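Protein chains in written order, with our numbering: chain A, 1 to 259; chain B, 260 to 358.
Possibly wrong hints are sitting among the right ones.
Unchecked claim - Listed below are the simulated BS3-like cross-link pairs for lysine-lysine, each with C-alpha atoms no more than 27 Å apart in a straight line:
(1) B:K321 x A:K163
(2) B:K346 x A:K158
(3) B:K304 x A:K158
(4) A:K47 x B:K321
(5) A:K245 x B:K321
(6) B:K319 x A:K47
(7) A:K158 x B:K319
(8) A:K64 x B:K319
(9) B:K346 x A:K163
(10) B:K319 x A:K163
(11) B:K304 x A:K163
(12) A:K89 x A:K249
(13) B:K268 x B:K319
(14) B:K319 x B:K304
Stated by the list, open to error - Some, not all, of what chain B presents toward chain A, calculated at C-beta under 10 Å:
(15) I286
(16) I313
(17) D338
(18) L339
Unchecked claim - Example chain A residues on the side facing chain B (calculated, C-beta under 8 Å, incomplete):
(19) L34
(20) A35
(21) Y38
(22) F39
(23) N40
(24) P43
(25) G60
(26) M61
(27) R159
(28) Q160
None of these hints come from the bench; they were simulated from the model. Note that the structure is a prediction, hence the values are computed from the model and not measured. C-beta: ideal position from N, C-alpha, C; glycine also.
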Amino acid sequence: MPVINLPNVRMHVQELNPEGQETIIMVHGMFSNLAVYYFNIAPMLAKHFRVVLFDMKGHGMSEKVQTGYDLTSMTNDLRDLMDTLGIDKAHLAGYSYGGLVALKMATRFPERVGKLAIIEGPDPSEQEVLAIIDTYSKEFLIHYIENFADTTRLLAGKRQLEKNHRMYEFLFNETSIRSDMEGEKNFFNDPSVATIQHETLLIYGEESNCVPSGRTLASRIPNATLVLAPGDHNVPVQQPEVVGKELEKFLEPASLPVG
Amino acid sequence: MDQLIQENKLSKEEIFETLNQFITEVIGEEFVEEMDITPASSFTKDLEMDSIEIVAFSEKVKNHFGPNIDFTGWLSNMDLDEIIQLKLENIINYIQECQ
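Go ahead and model the full structure; you've got the sequences and the hints to work with.
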């Protein structure tokens with residue numbers, strides 16, 4: 001399993017089509033992992049691009065660390081990952097909190113970012129955001145209960161519930177994740193967001209509570225287009241085909257082979 | 260000639276043994292002991308594997324069986340329901356076909 005050593009964290013990374021000319025790096029959201037892209041969206045994009053997926057610190061198979069979940073530390077990790085893999089410039093796609101990481105990257109290291117795709121990036125000043133995340137985690141657990149409740153192997157069913165429970169317990173009680181996210185409350189109002197020059201695609205689920213966040217970004221980022229897809233905050237899981245096609249369409253023109 | 264090809268081809272039992280080993284590595288021996296893993300076991304229902312564990316499992320399959328087996332590509336053609344229904348024997352058959 002490719003787990004690589006970065007200066008601050010041991011990170012689980014997966015690459016598809018490493019020979020691709022241009023690279024897209026995909027950032028997952030809080031309490032999720034790279035699997036959100038791995039099975040559908042990433043293979044679609046890997047037809048044209050080198051696709052790099054990674055688990056954020058404390059998530060998936062990356063190292064469990066106690067601090068550094070703020071956007072500056074997260075973008076330091078991403079910059080370190082690019083340095084380590086020898087990637088000067090890449091397109092970025094980020095989902096939910098990962099979308100904020102991608103935006104922050106564009107403000108801090110604009111020369112290293114090609115195009116920018118933000119999927120369901122929530123405005124962290126909205127009181128509701130943490131509530132959305134809480135709902136999201138409950139849905140996450142309910143998903144498992146619904147899928148496994150009819151099995152007689154209750155012992156095995158407990159394994160997934162306990163595994164998820166352990167992840168939330170760890171992140172909420174043993175790390176700075178909550179206060180780090182709180183500290184990013186004013187991120188959308190940061191003047192640097194309005195200076196983003198990158199071509200930007202904003203994909204939001206039409207039923208999502210985050211649509212107003214998408215509209216805010218669309219009004220602040222000069223070169224942004226907002227697309228609404230059928231679904232809610234979980235749109236990459238609900239409509240991976242739609243999201244994958246939107247990303248393909250958005251990224252492809254520059255990457256069509258010449259001649 | 261025929262003999263040589265026969266030797267290179269793994270039987271269903273051999274593939275099953277290898278996959279069984281990978282599952283044990285991914286979810287841990289203590290849990291596997293309590294399960295009865297058979298070719299009819301489904302990944303999500305019987306083995307209770309979540310998506311990141313299936314990622315770890317597919318990486319092991321890719322590394323072991325080589326580039327002829329585009330396991331991720333094969334999975335990416337399935338929708339969520341099909342992945343939920345996926346049984347060990349489907350993967351055994353797929354690997355055998357690719358050999």
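Inset, instruction - Grab the minimum C-beta distance from I286 of chain B to chain A and call the hint holds if it beats 10 Å, violated otherwise. - result: holds, 7 Å
Inset, instruction - So, I313 of chain B near chain A? Judge it on the closest CB pair being under 10 Å. - result: Since chain A brings a Cβ to about 7 Å from I313 of chain B, closer than 10 Å, the hint holds.
Legend entry - Status of the hint placing M61 of chain A at chain B (closest C-beta pair under 8 Å): Hint holds; M61 of chain A Cβ to chain B Cβ min 7 Å, cut 8 Å.
Legend entry - Evaluation of the interface hint that places P43 of chain A against chain B, nearest CB under 8 Å: This interface hint holds because 4 Å falls under the 8 Å limit.
Legend entry - Holds or violated: K268 of chain B to K319 of chain B, with C-alpha atoms at most 27 Å apart: Within the cut-off at roughly 19 Å; holds.
Legend entry - 27 Å limit on alpha-carbon distance, applied to hinted pair K319 of chain B and K47 of chain A: Cα-Cα ~22 Å, so holds.
Legend entry - Pair hint K304 of chain B and K158 of chain A, alpha-carbon separation not exceeding 27 Å: Judged against 27 Å, a Cα distance of about 12 Å means the pair holds.
Inset, instruction - For the pair supplied as a hint, K321 of chain B and K163 of chain A, confirm whether the alpha-carbon distance does not exceed 27 Å. - result: The given pair, whose Cα atoms are some 26 Å apart, holds under the 27 Å limit.
Legend entry - Interface hint status, F39 of chain A versus chain B (Cβ within 8 Å): Holds, because the Cβ-Cβ distance from F39 of chain A to chain B comes to roughly 6 Å (cut-off 8 Å).
Legend entry - 27 Å Cα cutoff - pair K89 of chain A, K249 of chain A: Holds, because 20 Å separates the two Cα atoms, which is no more than 27 Å.
Legend entry - Hint check: 8 Å Cβ-Cβ cutoff, N40 of chain A to chain B: holds, 6 Å
Legend entry - Residue hint L34 of chain A, partner chain B, criterion CB-CB below 8 Å: holds, 7 Å
The earlier numbered hints are all upheld by this structure, with none contradicted.
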